[in-house]
Amino acid sequence: MARAAQKAFEEAKPVIAAIKKKGVSNIGAAGYCWGAKVVVELVKVHEIQAAVLFHPSLLIVDDIKEVKCPISILGAEIDKTSPPELLKQFEQVHSAKSGFPE
Numbered sequence: 629m630a631r632a633a634q635k636a637f638e639e640a641k642p643v644i645a646a647i648k649k650k651g652v653s654n655i656g657a658a659g660y661c662w663g664a665k666v667v668v669e670l671v672k673v674h675e676i677q678a679a680v681l682f683h684p685s686l687l688i689v690d691d692i693k694e695v696k697c698p699i700s701i702l703g704a705e706i707d708k709t710s711p712p713e714l715l716k717q718f719e720q721v722h723s724a725k726s727g728f729p730e
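When you read off a place in the sequence shown, starting at 1, and then add 628, the result is the number in the working numbering.
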């Protein structure tokens with residue numbers, strides 16, 4: 629994981645813990661560009677229960693295989709970082725294994 633994304637991931641965990649301490653049991657997060665990687669990493673360790681990814685970068689199909697919660701992936705029609713073909717793979721992998729609709 630890129631350094632900035634790793635740092636953001638680590639910094640998000642105590643914030644989420646503080647929110648949960650106040651009694652919130654379900655938390656969602658949105659990530660833009662490399663922030664999408666942060667959000668997916670939070671999903672992988674069950675810190676959040678829903679995710680939205682905008683123009684995701686640093687993600688690979690194997691990352692999406694580990695997502696076990698509702699997720700929305702929003703990309704652009706012309707995007708070299710996350711081309712529509714890759715986003716379609718993400719959608720197919722996630723919907724096939726999780727039972728969540730595309």
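Calculated from the structure, these hints are not laboratory results.
The beta carbon of each residue, even a glycine, is placed where N, CA and C say it ideally should be.
Where hints are given, some of them may not hold.
[Stated by the list, open to error] With a straight-line Cα cutoff of 25 Å, these simulated DMTMM-like cross-link-like pairs (lysine to aspartate or glutamate) come out:
1. 693 <-> 713
2. 716 <-> 694
3. 693 <-> 705
4. 650 <-> 705
5. 672 <-> 694
6. 650 <-> 675
7. 672 <-> 691
8. 648 <-> 690
9. 693 <-> 638
10. 635 <-> 694
[Unchecked claim] Label pairs and their computed distance ranges (CB to CB):
11. 694 <-> 648: 19 to 27 Å
12. 645 <-> 712: 19 to 27 Å
13. 724 <-> 645: 27 to 35 Å
Here's how the hints hold up against the structure:
At roughly 16 Å between alpha-carbon atoms, residue 693 and residue 713 fall within 25 Å of each other, so this suggested pair holds. Proposed proximity of residue 716 and residue 694 is supported: the alpha carbons are some 16 Å apart, at most 25 Å. Simply put, residue 693 and residue 705 have alpha-carbon atoms about 23 Å apart, close enough for the 25 Å limit, and the pair holds. Between residue 650 and residue 705 the CA atoms are separated by roughly 40 Å; this puts the pair beyond 25 Å, and the hint is violated.
Simply put, residue 672 and residue 694 have alpha-carbon atoms about 6 Å apart, close enough for the 25 Å limit, and the pair holds. Under the criterion of a C-alpha separation no larger than 25 Å, the hint pairing residue 650 with residue 675 is consistent with the structure, at around 15 Å. Our distance criterion of 25 Å between C-alpha atoms is met by residue 672 and residue 691, whose separation comes to about 8 Å. Our distance criterion of 25 Å between C-alpha atoms is broken by residue 648 and residue 690, whose separation comes to about 28 Å.
Between residue 693 and residue 638 the alpha-carbon distance is near 22 Å, which keeps this suggested pair within the 25 Å criterion. Annotation: proposed proximity of residue 635 to residue 694 holds, straight-line Cα distance about 20 Å (limit 25 Å). In this structure, residue 694 and residue 648 meet the distance hint of 19 to 27 Å, their C-beta atoms being roughly 21 Å apart. Residue 645 and residue 712 have their C-beta atoms about 36 Å apart, which leaves the hinted 19 to 27 Å range violated.
Take residue 724 and residue 645: their Cβ atoms lie about 32 Å apart, and the range 27 to 35 Å holds.
Figure legend: structure checked against the earlier numbered hints; hints not met, in rising order: 4, 8, 12.
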